[in-house]
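K.L.:
One-letter residues, chain by chain:
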Amino acid sequence: MSSDVTPTSKPVKSTGLHVGEAGPGVRKVDPILTADSVKRTFGGLTAVDVAHVEIPRGAITALIGPNGAGKTTFFNLLTGFDKPDEGSWEFDGRSLAHVPAYRVARMGLIRTFQLTKALGLLTVMDNMKLGAKGQGGENLFRSVLPFLWRKQEDEIEEKAVELLTRFKLDTKREDYAASLSGGQRKLLEMARALMSDPTLVMLDEPMAGVNPALTQSLLEHILDLKSQGMSVLFVEHDMHMVRHIADWVIVMAEGKIVAEGDPHTVMQDPAVIDAYLGAHHDTDIGIDTEHVEVLKELIDDEQ
Amino acid sequence: MEPTQTVARRSRGRWLILFGILLSALTLSGIAASPAMAEAGSAATTEAEEFEYFFVGNVTFDDKPLRGVEISVEGNGYDAETETDAEGKWRLGVPEKGEYKLTLNEDTLPEGVVVKEGQSTVDAEFGLTKLKAVNFFLGEGQRTTTDIGAQVLIRVINGLNFGLLLALAAIGLSLIFGTTGLSNFAHAEMITFGGLMVLTFGVDLALPIWLAIIIAIVLSAALGFTLDATIWKPLRRRGVGLIPLMIVSIGLSLALRYTYQFFYGGATRQLPGATIPSDIHLGPVTLSWIDVASMATSIVVLAAFAFFLLRTRIGKATRAVSDNPSLAAASGIDVDRVIRIVWIAGGALAGLSGILWAYFRPGVSWDMGFQILLLVFAAVTLGGLGTAFGALVGSIIVGLFIELSTLWLPSDMKYVGALIVLILVLLFRPQGILGRRERIG
Amino acid sequence: MIDWIAIFSNAAQELISPTTAAYALAALGLAIHFGYTGLLNFGQAGFMALGAYGFAISTLSFGFPVWASVLVGVGASVIFALILGIPTLRLRADYLAIVTIAAAEILRLVFTTNTFDSLTGSASGLQGYKGGFADLNPIPPGTYGFGPFTYNAYDWWIRIVGWTLVIVFALLTWLIIRSPWGRVIKGIREDEDAVRALGKNVYSYKMQSLILGGVYGTLAGMIFVLPRAVVPANYQTSLTFFIYAILLLGGAATILGPIVGSMIFWVLLSFFSGFMARAVEAGWFPFMTQVQAGQLRFILVGIAIMLIVVFRPQGIFGNKKELAFVK
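Protein chains in written order, with my numbering: chain U, -16 to 286; chain D, 125 to 565; chain B, 10 to 336.
Keep in mind that a hint or two might mislead.
Said to hold, decoys possible - Examples of chain U residues lying across from chain B (beta carbon under 8 Å, computed):
no., residue
1, Leu28
2, Ala80
3, Val82
4, Ala84
5, Tyr85
6, Lys100
7, Leu102
8, Leu104
9, Leu123
10, Val127
11, Pro129
12, Ser179
It is worth saying that the hints were derived from the structure and are not from the lab. All C-beta atoms, glycine included, are put in the ideal place defined by N, C-alpha and C.
Use the sequences and the hints to build the structure in full.
P.N.:
Structure below.
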């Protein structure tokens, strides 16, 4: 993993995000996304059972927890890729229940996937262009008449080149995405997500499978999102990274939110340690010794 | 008396001479269509001929010729019809050599006489000669006289019989899908193979029928093993995707099917005992001992296979691989061995299913498996892709539905109902009846 | 002695035959479904049957003019695509395969059954619907052409119409595939969740693709019946498989592929059948009958499908990198 990467600069953390004492389900000053009693079961197993959670606006929020805690399922539920048994959730004050995934994305909530979904047999440029919203040429009838969408297409291309340059992928623009390395695909996926000017970016394990050389640049890109006014929610295993860039941390275990707070205090929360160690001891779904090691290390760090 | 001639409605500007003999290869006790090969050569010279090729036949019942029975031919863009003459003879000329469908209009048969179920339309093709004899199997029977309750009972039993033989094929297909992800279109040819092998050993080589059946099942198992070893295993090794694999199986199905036709011809041939009388009476239901043996065989084999899946080590491993191949591999199961066993068992089951299907239809033909392939797929999908027991349930539903639907659907539409049910089930319960929801994408 | 000139001349005629055009157009529709969108449509024969019957029944039973009969066929196939697509396009790809193959069979059985004989002509099919189309023929009666390509006015008329349609729809396909619309459907082929996460209504795009390619199949079905009669036995599953063979031969994610694939397929098939028939007649293969020689070509088509998929999945015209298969 990339735990040996030392951050080059100390990012500015957002503070004062919550109202009252930090704890599971605490109210935020300005939430962008709120969820109430969202529950999802598979057969007899409860994968997600979140009573209440609010994601702060304009900040970087990390969602952590042992394997099998339901983080990715929760992600899928929030973005319309899975349907909960019950519950309601709102994005920017608009209800997202029963809203299909593509509409969620159009509202400005864009996600990435744990296993990168670069579209392998499309060029890098086509991947980027696909990310742009409201394209007239995507209508079947208008697509036949290029003069109707040629101008918009040029604007989209310009924007794509700009983003690709920022993500240092501009030299690959005509290559098939399948020819990129794992880390480059993660970058491409993130760049593609930005083509639609989202307000909330949800990244599912952005660092998984990325070589250390690229981790640093990925981290900076995530911090960049915040400085451009976007909110970020990401799932991550790497605690160093969480501590380094997250303004707020939400901890899930066995489908529930067990702790919330700023990175430093959360790491010392007994519930969090219990969640990781407890998962290690009691259940067979969450065996992940690496996390426990990292956590111990972190606790040592803090002291 | 000359045969009555009608010029078909849509064969513009051509008039036809229609004429023929009916040949019945098998004499049936109680079902009589006595063999009578007409003197084709002399008959042909009596007419002014427009065509070189003729279908001929002779329709008799209880050794008496039946007059005025309508026979029609259709195929290769041509159609025509005729009626039998006073001697029960008919003859239909066609413009070119090829495959045609011949239909006997049951409504023109005398009261109390019917064509054997599903045999009123037969496919026929010319061999070496320009004359082809076509059989219609007639029997005693009432088509609409049985009361509704008895009819339902008869249909249920027929449906169970059909469903069980479908299940034999469906379970193999389902397990192959579960363990390898392959939607095997060539399963149809594995079904046909069983029937063809019994035909080869039991009829052409005249071995005792029980021996022929055993040889056929062993060879079917060997076919399953060979297909896996020579085609599917190497392709899995190459990492060929599931959809290309499916298309390969379509190509294989096509190649095998026409290879069968190449060697066995286009005709339908009967297995020994296929047309023995139905002399077992259970209330309103009459069954032949073939029907009873067929159902008993299906039930015993299915029970044995269920025991294998539920109780034996390798059976449990099979279910584990079918559930989740990568997890099974990680827990130390030899996935390749399981897949090999599934192919062998799938081949044997499909072969047996083909033999029973040959008795149920009745008859062996080169495309008999392909005729029920979609029903097998429907059964597997209905039950839930990749689950063996789902395939069983799905098959029985399909079998029952097809037979029961003939109560209100014309019999040439009975497959339509089953396929519509398939689409409806997918609409409301895409994972199938026994499938788990997570299986769907 | 084998009549090589007849064999070659028959094979050459297939190059521009209306049947070749019909298969090319149907394969082009399948290229949109399978090659570009990744939809496994195994019911192209059903779309073709709808074209043939829609046209013939409208003309014969309702006396519609040509343009209205064409519209009826197209309308029927749009409805057919909706019926197929609504339950299955949300499901995994292989469900569409099973449903489309089943639906095409349902159509064939419904067209074959005696129940609707007055409308469909049941197993005998339909004839006598070509009058309106023949009346539109601007070519004065007579025989035109050279060498093997000598036809009468009607035969030229169906060839001209058939191939004009193929060219027009090839151009249309080329236009839409390189537009943003084409980008979306290619993205769906690669990974529909990713495209959904970018705010595209994947379900709607798949439906559009299914309808569009189905309409191609329907028009192909109309071209197909102009030189022959409408016979239900022509619309068996094998028809779909032959169109797949053509598509794979030419390259599934290409526009020229289906067209040239159809030409190669029919020329080779005609050459092979012609050669085998005459060779058997000449006694070159004493162990084979004429009928068996005729079946040999289907065996070859089957083997060809297998070999192409395994060894040259991109087809003749496909880009080696842009393999046409969905994973």
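K.L.:
Determine for every hint whether it applies to the structure shown.
P.N.:
Verification of the supplied hints:
Evaluation of the Leu28 of chain U hint against chain B yields a violated restraint, the C-beta minimum of about 22 Å exceeding 8 Å. Hint status for Ala80 of chain U relative to chain B: violated, with the closest Cβ pair at about 18 Å, above 8 Å. Proximity of Val82 of chain U to chain B is violated relative to the hint, the smallest CB-CB distance being about 12 Å (cut-off 8 Å). At its closest, the beta carbon of Ala84 of chain U sits 5 Å from a beta carbon of chain B; the interface hint therefore holds under the 8 Å criterion.
For Tyr85 of chain U, the interface hint holds, the least distance from its beta-carbon to any beta-carbon of chain B being 5 Å, beneath 8 Å. Taken as an interface hint, Lys100 of chain U checks out: its beta carbon lies about 4 Å from the nearest beta carbon of chain B, inside 8 Å. Interface restraint check for Leu102 of chain U: the shortest CB-CB distance to chain B comes to about 4 Å, inside 8 Å, so the restraint holds. Because the smallest distance between the Cβ of Leu104 of chain U and any Cβ of chain B comes to about 5 Å, under 8 Å, the interface hint for this residue holds.
Hint on Leu123 of chain U holds. Least Cβ distance to chain B is approximately 5 Å, under the 8 Å limit. The beta carbon of Val127 of chain U comes within 5 Å of a beta carbon in chain B, closer than 8 Å, and the hint placing it at the interface holds. The restraint placing Pro129 of chain U at the interface with chain B holds, with a minimum CB-CB distance near 7 Å, inside the 8 Å limit. Residue-level restraint check for Ser179 of chain U holds (minimum Cβ-Cβ distance to chain B is 6 Å; threshold 8 Å).
In terms of the numbered hints stated before, the structure departs from hints 1, 2, 3, listed from lowest to highest.
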